[in-house]
Amino acid sequence: VKKFRLEVSANGQPRAVFEEEEATSALLLSGFLHPSLLFVPDMLHEISLVERRALRTSGFESEAVRALFHGNMVEVESAEHLIKRDVTRKVVLSLDEAKLLLFEWGAALLRWHMEQNVEAKGSVELRYKQIELNGEANI
Amino acid sequence: VKASDRKHEVLRVMHEIYAKAHTQDDFTATKIARVISISTVWFYRLVGQEFIELRSQLPGSRKPKEATIGKLKKLIKELRAQIRTLNTRLKNAAFEETAEAIRMIERLDDENRSLRADVVLLRRRLDQREQVIIPQYQDLGYRILRSYY
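As you go down the protein sequences, you meet chains U and H in turn. The first sequence begins at 1 in the numbering used here and counts up one residue at a time. The second sequence begins at 140 in the numbering used here and counts up one residue at a time.
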């Protein structure tokens, strides 16, 4: 199982960091796990369609990568605009590996979003407390 | 003294000096004329032809050992300088050739990478002829690519 940790990037978006992988693979795998909350269910649905042979292939394309889901594997390559710089970048995952990664990423994303909500809620509650203490009105 | 007697005397002395001489340096007209106490011009007039014949039978002048070694050292120095120059030229030529070979390798590598990238892009274009992009109700930062049977 490929291990990653969730990190918040400079633009405030969460991203997966693969510390145990070789640099190229780490970059592609990080690109493979898109930070949108809808991404994981979307991709799991696409994989299931391929597995059920409803589709020949499926996949997605983002700013960073282009991933193709075949019946037995997932290919992750550099996005088209990055190819001219390095054509050798490609990672192949088994379907099980890809699904497991997606599950783990989905769970990590949800957890992170929940933590963000709790923190936001906590700060609102703290503000209420301060207002009560200071006797401020008309929030 | 008759001229013929004088000539005999000069010839005798000349032969004595010739017998002791090792090189042409030891057997010169000036030396012989000095021994006989006559002028060099007169010496030549008397026995010039004989002197020239005898002298030609002796080896050339012998240089002192130091002079010969000095000359050889100079020659060695010159040869070393030539070797250094040739070595430098050879090194420069080899360096230039290596640099040119590296430039060529880099150029070919770039071309190779570019061609490989073209192949990948063309393969994608072929794949994309069969792929359908699924429209999404909002921009999620990715787009789904499906290929149907």
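Bear in mind the hints are in silico, worked out from the structure with no lab data behind them. Don't be surprised by glycine CBs; every beta carbon is placed ideally from N, CA and C. Keep in mind that a hint or two might mislead.
[Claimed, not checked] Derived list of chain U stretches under chain H, where covered just means 3 residues or more per stretch with a C-beta under 8 angstroms from a C-beta of chain H:
hint, region
1, 19 to 29
2, 35 to 47
3, 51 to 57
[Said to hold, decoys possible] The calculated label-pair distances, taken between Cβ atoms and stated as ranges, are:
hint, chain 1, residue 1, chain 2, residue 2, range
4, U, Glu115, H, Asp266, 34 to 44 angstroms
5, U, Arg53, H, Val258, 27 to 37 angstroms
6, H, Ala240, U, Glu115, 53 to 63 angstroms
7, H, Ala240, U, Arg111, 20 to 30 angstroms
8, H, Asp248, U, Leu95, 29 to 39 angstroms
[Said to hold, decoys possible] If the Cβ cut is set under 10 angstroms, some of the chain U residues that face chain H in the computed set are:
hint, residue
9, Phe60
10, Ser78
11, Glu115
12, Glu119
Among all the numbered hints in the text so far, which are the ones the structure does not match? 1, 7, 11, 12
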